[in-house]
Amino acid sequence: MHSCSVPLDELLEMLWRLHERQELTLTALRQADPDHVYEGTLREQAESGMFSVQGDSLVFSAAGRNRAEDIVRRHRLAERLIVDVLGKQPAETENAACEFEHLLAPELVNAICTLLGHPALSPRGMPIPQGICCQKREVLIKPALVPLSLMDVGVPTRIASLETDNPERLNRLMALGLLPGTHITLLQRYPAMVVQNEQRQIAFEESVGNDLRVWSIMPTNLGAVTHAFPAV
Amino acid sequence: MESCHVLPVVEAGTGHGSMPFRVVIVGRPNSGKSLIFNELTKVYSIVANYPQTTVAPSSQLIDIAGRPVLLVDTPGLSSLSVNSPDERSTLEVLISQRPDGVLFCSDAMHLKQSLMLLIQVMELGLPTVCCLNKMDDTASCGMIIDTAALSARLSIPVVELSAAHGFGFDALKSALEQLMQSKTSNRDCSAPVTYQPFFQEFAAGVRSLFPLGSRPSCGLVLLYLQGDQTSSHWFAKTLADGVLSKLQGMVEEFWQRYPANRVGLLLFQNRLSFVEQLTGTILRQASYVPPSPARHAEALCRHPVYGWFIFLAILWLTFKGVGIGASDLGGWLDSALFSPATQLLGESIPYPLLNEFLVGQFGLLTMGVANAMVTVVPILAIFFLIVNLLEDIGYLPNLSVLANRTLRPFGLTGKAVLPLVLGTGCNTTATMSSRILETKKERLLVSFLVALGVPCSVQLGILMAILATMPFSALLLVLGSVLLTTVACGLIMNRLVPSKGKTVIFIQELPSFHWPHWRNILLKTYYRVKWFLVEAVPMFMVAALAMFAMEKSGLLSVIKQLLHPLITGFLSLPDKTTEVFILVLARREVGAVYFKQMVEGGEIDYVQIVTGLIVITLFIPCVSNTMVMLKEYGVRWAVSTNLAIIAIAILVGGTINHLLRLFV
Numbered sequence: 003m004h005s006c007s008v009p010l011d012e013l014l015e016m017l018w019r020l021h022e023r024q025e026l027t028l029t030a031l032r033q034a035d036p037d038h039v040y041e042g043t044l045r046e047q048a049e050s051g052m053f054s055v056q057g058d059s060l061v062f063s064a065a066g067r068n069r070a071e072d073i074v075r076r077h078r079l080a081e082r083l084i085v086d087v088l089g090k091q092p093a094e095t096e097n098a099a100c101e102f103e104h105l106l107a108p109e110l111v112n113a114i115c116t117l118l119g120h121p122a123l124s125p126r127g128m129p130i131p132q133g134i135c136c137q138k139r140e141v142l143i144k145p146a147l148v149p150l151s152l153m154d155v156g157v158p159t160r161i162a163s164l165e166t167d168n169p170e171r172l173n174r175l176m177a178l179g180l181l182p183g184t185h186i187t188l189l190q191r192y193p194a195m196v197v198q199n200e201q202r203q204i205a206f207e208e209s210v211g212n213d214l215r216v217w218s219i220m221p222t223n224l225g226a227v228t229h230a231f232p233a234v
Numbered sequence: 027m028e029s030c031h032v033l034p035v036v037e038a039g040t041g042h043g044s045m046p047f048r049v050v051i052v053g054r055p056n057s058g059k060s061l062i063f064n065e066l067t068k069v070y071s072i073v074a075n076y077p078q079t080t081v082a083p084s085s086q087l088i089d090i091a092g093r094p095v096l097l098v099d100t101p102g103l104s105s106l107s108v109n110s111p112d113e114r115s116t117l118e119v120l121i122s123q124r125p126d127g128v129l130f131c132s133d134a135m136h137l138k139q140s141l142m143l144l145i146q147v148m149e150l151g152l153p154t155v156c157c158l159n160k161m162d163d164t165a166s167c168g169m170i171i172d173t174a175a176l177s178a179r180l181s182i183p184v185v186e187l188s189a190a191h192g193f194g195f196d197a198l199k200s201a202l203e204q205l206m207q208s209k210t211s212n213r214d215c216s217a218p219v220t221y222q223p224f225f226q227e228f229a230a231g232v233r234s235l236f237p238l239g240s241r242p243s244c245g246l247v248l249l250y251l252q253g254d255q256t257s258s259h260w261f262a263k264t265l266a267d268g269v270l271s272k273l274q275g276m277v278e279e280f281w282q283r284y285p286a287n288r289v290g291l292l293l294f295q296n297r298l299s300f301v302e303q304l305t306g307t308i309l310r311q312a313s314y315v316p317p318s319p320a321r322h323a324e325a326l327c328r329h330p331v332y333g334w335f336i337f338l339a340i341l342w343l344t345f346k347g348v349g350i351g352a353s354d355l356g357g358w359l360d361s362a363l364f365s366p367a368t369q370l371l372g373e374s375i376p377y378p379l380l381n382e383f384l385v386g387q388f389g390l391l392t393m394g395v396a397n398a399m400v401t402v403v404p405i406l407a408i409f410f411l412i413v414n415l416l417e418d419i420g421y422l423p424n425l426s427v428l429a430n431r432t433l434r435p436f437g438l439t440g441k442a443v444l445p446l447v448l449g450t451g452c453n454t455t456a457t458m459s460s461r462i463l464e465t466k467k468e469r470l471l472v473s474f475l476v477a478l479g480v481p482c483s484v485q486l487g488i489l490m491a492i493l494a495t496m497p498f499s500a501l502l503l504v505l506g507s508v509l510l511t512t513v514a515c516g517l518i519m520n521r522l523v524p525s526k527g528k529t530v531i532f533i534q535e536l537p538s539f540h541w542p543h544w545r546n547i548l549l550k551t552y553y554r555v556k557w558f559l560v561e562a563v564p565m566f567m568v569a570a571l572a573m574f575a576m577e578k579s580g581l582l583s584v585i586k587q588l589l590h591p592l593i594t595g596f597l598s599l600p601d602k603t604t605e606v607f608i609l610v611l612a613r614r615e616v617g618a619v620y621f622k623q624m625v626e627g628g629e630i631d632y633v634q635i636v637t638g639l640i641v642i643t644l645f646i647p648c649v650s651n652t653m654v655m656l657k658e659y660g661v662r663w664a665v666s667t668n669l670a671i672i673a674i675a676i677l678v679g680g681t682i683n684h685l686l687r688l689f690v
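Which chain is which? The protein sequence lines are A and B, in order.
So the first sequence is numbered by this note's numbering: it starts at 3 and just counts up by one.
So the second sequence is numbered by this note's numbering: it starts at 27 and just counts up by one.
For the record, the hints were derived by calculation from the structure and aren't laboratory data.
Hints are not guaranteed to be accurate.
[Claimed, not checked] Okay, the calculated bits of chain B under chain A, using three or more residues with CB under 8 Å as the criterion:
| # | segment |
| --- | --- |
| 1 | 322-328 |
| 2 | 361-372 |
| 3 | 528-537 |
[Said to hold, decoys possible] Computed spacing ranges between beta-carbons, pair by pair:
| # | chain 1 | residue 1 | chain 2 | residue 2 | range |
| --- | --- | --- | --- | --- | --- |
| 4 | A | VAL157 | B | SER299 | 43 to 49 Å |
| 5 | B | GLY231 | A | GLU101 | 35 to 41 Å |
| 6 | A | SER50 | B | ALA312 | 49 to 55 Å |
| 7 | B | VAL69 | A | SER50 | 36 to 42 Å |
| 8 | B | ARG93 | A | SER50 | 53 to 59 Å |
| 9 | B | PRO223 | A | GLU101 | 26 to 32 Å |
| 10 | B | ALA323 | A | GLN132 | 55 to 61 Å |
| 11 | B | ALA312 | A | GLY156 | 19 to 25 Å |
| 12 | A | VAL157 | B | SER499 | 47 to 53 Å |
| 13 | B | LEU549 | A | SER50 | 53 to 59 Å |
C-beta atoms are modelled at their ideal positions from N, C-alpha and C, and glycine is treated no differently.
Produce the complete structure using the sequences and hints provided.
Pasting the structure below:
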């Protein structure tokens with residue numbers, strides 16, 4: 003697991019495994035971590051608000067629990083995808099799954115879960131935490147990216163990409179700050195589209211709405227999402 | 027009216043020594059630049075709660091700490107990558123005229139977007155003071171801005187301001203005073219954002235083409251790299267041919283690695299991540315703010331169904347207010363003041379010619395002063411009160427959302443609503459404000475439609491006042507045929523005027539509704555009426571003089587005879603209407619007022635009134651509007667438009683006349 007580069011997420015993943023074994027204690031962590039790498043991270047991240055240390059036992063906060071669950075869910079779904087869809091052996095999955103769990107956009111996780119039929123166990127037989135899609139028993143995969151014109155009114159979303167190469171259009175969108183990563187909510191569609199971004203309201207015609215690709219599903223487990231820019 | 031206050035644009039830096047310190051106010055649209063300009067100069071220029079109220083730079087000499095300062099108000103920009111002529115004029119002031127300082131006006135409510143522009147302006151290397159306007163609104167939205175930290179991070183003075191409430195101007199003035207003393211024109215690349223090394227290398231390469239003292243700022247180089255026109259003019263003017271072609275070679279080479287249309291996006295992302303990080307540290311947002319009722323009002327006003335009902339209700343109230351309220355007020359003024367006065371004067375002047383000259387049919391006082399005061403001022407006052415109230419609340423831009431689809435078949439977007447609505451204030455202003463539109467085609471179409479189908483305020487007011495006393499069918503007939511004619515001509519013009527491959531897109535930021543600032547509304551109404559009086563009363567008097575002279579010299583009856591077949595034959599109007607049309611040529615409302623008197627005198631019948639009103643409404647634009655059309659769009663367009671409009675007006679009037687006579 004040393005190939006994974008985000009120490010806090012790695013620690014949370016480890017804590018989740020201990021939690022599954024109902025051994026969420028310092029002693030158990032030390033046993034699983036002879037090099038004290040995780041313990042170091044545990045001390046560094048004591049202020050992160052994800053967990054607290056109470057004597058020997060470790061306790062997840064609500065945010066920490068959600069985040070750990072989400073990471074493990076992504077990791078184990080990635081394993082299933084690699085084994086079931088790409089035909090690899092379970093032993094070959096570790097490095098790829100490790101990378102995958104970070105690359106996978108949070109909005110895509112539920113679509114992959116639905117694609118795989120809401121699997122309950124990973125190829126190694128570990129339980130995959132359930133997502134909203136599993137609880138709803140969804141069978142149809144919704145496209146993760148849709149033109150803004152297909153979004154429902156009043157649903158907050160985030161711009162994923164701009165599907166235009168016209169420099170003039172790009173300029174106009176940039177000047178008004180309608181860019182990948184911007185949070186917007188569609189307020190009305192007709193007779194012209196109006197979106198809200200922070201304290202601003204911006205009106206534009208439908209062709210502009212078609213240029214904006216937005217996430218149709220917002221991540222539910224993760225609070226803050228880092229901004230991703232398209233390759234230039 | 028404000029149309030004639032075309033203020034001088036600052037001349038390029040000519041001369042030295044006792045030259046005033048030139049400060050340019052720059053900011054995003056609707057950030058309150060004009061309000062600040064008015065407050066600092068104590069001169070009034072029109073402000074409103076919608077973007078792009080100011081369409082051309084205007085300047086005024088003021089005094090700060092005993093030194094003359096030339097303050098320049100500019101049209102707002104969203105970024106330095108400009109699209110329309112009004113935005114370009116701001117960029118030209120910044121680049122070609124190189125002011126001594128910039129007063130950057132940030133909208134504290136839209137801090138991120140303001141900072142994005144501020145960074146670009148700072149990169150132009152001009153000494154800058156930043157003010158955070160609308161600080162009163164941020165509090166109610168639960169926003170807290172650490173101004174001191176912002177100032178430290180950007181290394182420029184930042185002043186908190188609430189221009190609408192007159193707060194913060196003392197601090198602003200002392201910041202400007204310091205700016206004048208600092209005297210360091212900073213052309214180095216000291217902008218807060220660090221771009222990728224290849225941008226820095228390129229900028230350094232371009233700058234090394236210049237001698238040490240006159241190197242262009244980094245911002246100018248970066249603008250050039252994005253294919254901007256204004257900066258490439260600057261380079262073409264400044265550099266010798268050999269060096270210029272070397273520069274062009276460098277840019278071509280750069281574009282092969284990073285395409286021009288992506289350069290802007292890349293630079294933008296650098297700025298954005300800087301601003302995101304900056305606002306993360308200086309901006310705090312309360313976790314809960316109760317929803318404002320203004321949001322509901324905004325949503326209703328642009329709702330596809332309720333929005334139109336609200337619009338119709340506003341039109342109806344305006345019609346009633348101007349048509350009936352103003353006539354009552356005017357009638358009262360007339361019976362209480364002007365009639366007794368003219369009667370008294372008439373009786374006391376023994377010489378018949380002088381008597382007629384002053385208080386006769388075309389008398390200087392009766393037709394000139396009394397007409398302007400009794401008929402026009404009440405109409406204008408009530409009309410502008412309503413329009414100014416709507417402007418102040420922020421209602422008008424919502425109309426552009428409503429009307430966007432409606433305007434599409436005419437080759438226009440919702441943005442054209444603003445000049446069209448402003449046209450009901452004054453056609454000349456409307457033609458000027460068509461500059462906010464991006465393509466030439468849109469600007470031409472709007473100027474034509476305004477001249478043809480949009481009556482100006484006084485004309486509209488008189489139209490309403492006449493129609494308010496007539497059967498409802500007259501209102502339907504007149505408005506219906508004017509509207510139909512305008513629609514038909516608009517559709518045809520869209521086919522005739524070539525679009526030159528540029529497609530129009532509608533994107534517009536909408537201002538938030540706020541409670542009306544009554545002081546501002548009353549002030550604006552006062553100034554608009556005052557400008558009218560200053561400009562129009564002499565016109566009324568000149569018109570009265572000219573008519574008096576034409577009548578006495580017999581010229582009037584010659585013209586009447588010449589036009590007899592057209593006026594009496596085709597339009598079935600009495601010969602006297604020729605006088606109306608001559609007056610309309612000079613100024614639309616003078617003729618309209620005269621026509622109103624004919625109606626009130628019972629000189630013409632129902633069909634004649636309808637025909638007359640249609641022709642007057644559609645008729646040729648007034649002299650000042652024609653002048654603006656000449657200036658903005660050239661002789662060919664102005665002349666052909668005017669000829670077309672005269673023909674259309676007479677044709678439509680005559681057709682309606684003959685159709686009506688079949689039934690009546």
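- Against the earlier hints, flag every one the structure doesn't satisfy and list their numbers going up. 2, 4, 6, 7, 10
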